[in-house]
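**Q** Each chain is listed here by its residues.
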Amino acid sequence: ETGVTQTPRHLVMGMTNKKSLKCEQHLGHNAMYWYKQSAKKPLELMFVYNFKEQTENNSVPSRFSPECPNSSHLFLHLHTLQPEDSALYLCASSQETGIRNQPQHFGDGTRLSIL
Amino acid sequence: KNQVEQSPQSLIILEGKNCTLQCNYTVSPFSNLRWYKQDTGRGPVSLTIMTFSENTKSNGRYTATLDADTKQSSLHITASQLSDSASYICVVSGNNAGNMLTFGGGTRLMVKP
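Residue numbers (my numbering), protein chains in the order written: chain A, 1 to 115; chain B, 1001 to 1113.
The following block holds chain A by itself, in its conformation from the complex (with noise of 0.2 Å):
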């Protein structure tokens, strides 16, 4: 039990579907993120939340849309995603972006695939 949990943990959908991923954190952190992991590349930060203010977008298509109601749950709306966007989508928490040394908790993950 690592402290994040992300629902659902499979997603199979198509790409006209509108779905949301969930992430919740039971660590009285600050800072939360969004990652996408495909085969055989590395973790792709997609964006990360700072005391619910967003501080980072990295380039990522306006067809993920992510929502921070405050510091302990985190969203990623997905509406008309492509074959690629198919990857393991990660959800961590840190105390905060701004201390180093500190690790960031995982979540196990929603496997989604888009048919």
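Since the hints were made in silico from the structure, they are not lab data.
Please note: incorrect hints may appear among the correct ones.
Under the rule of at most 30 Å between Cα atoms (straight-line distance), these lysine-lysine pairs were calculated in the DSSO-like manner [said to hold, decoys possible]: (1) A:K41 to B:K1112; (2) B:K1017 to A:K40; (3) B:K1071 to A:K41; (4) B:K1001 to B:K1037; (5) B:K1071 to A:K40.
Just so you know, these numbers come straight off a predicted model, no measurement behind them.
Fit chain B to the supplied structure of chain A, relying on the hints for placement.
**A** Then chain B, alone, in the frame of chain A:
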């Protein structure tokens, strides 16, 4: 451009044997280097962190080394167990305002009985 390269990409060893995973990086300025273990179907979990002044650090059967001059790190696993089968990811943090992380592509280790 900041990069982290890991080798080998994959490795198969017999249970009880030792192995060493390599990580080379070009991240500058350097803050710290962390090794994560990612079991299949799970998220990465931190094993150890190395800062600039540290040369070696152990966590049970895992020993990490860091040579900040050559920008290389290694993760040595002693007396491997079946549960060591996982991907091992090297992550380097830069000492800059954004403090963003650069991830390696990982080494996939399989331990066979």
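**Q** Looking at the structure, which of the earlier hints fail to hold?
**A** Failing hints: none at all.
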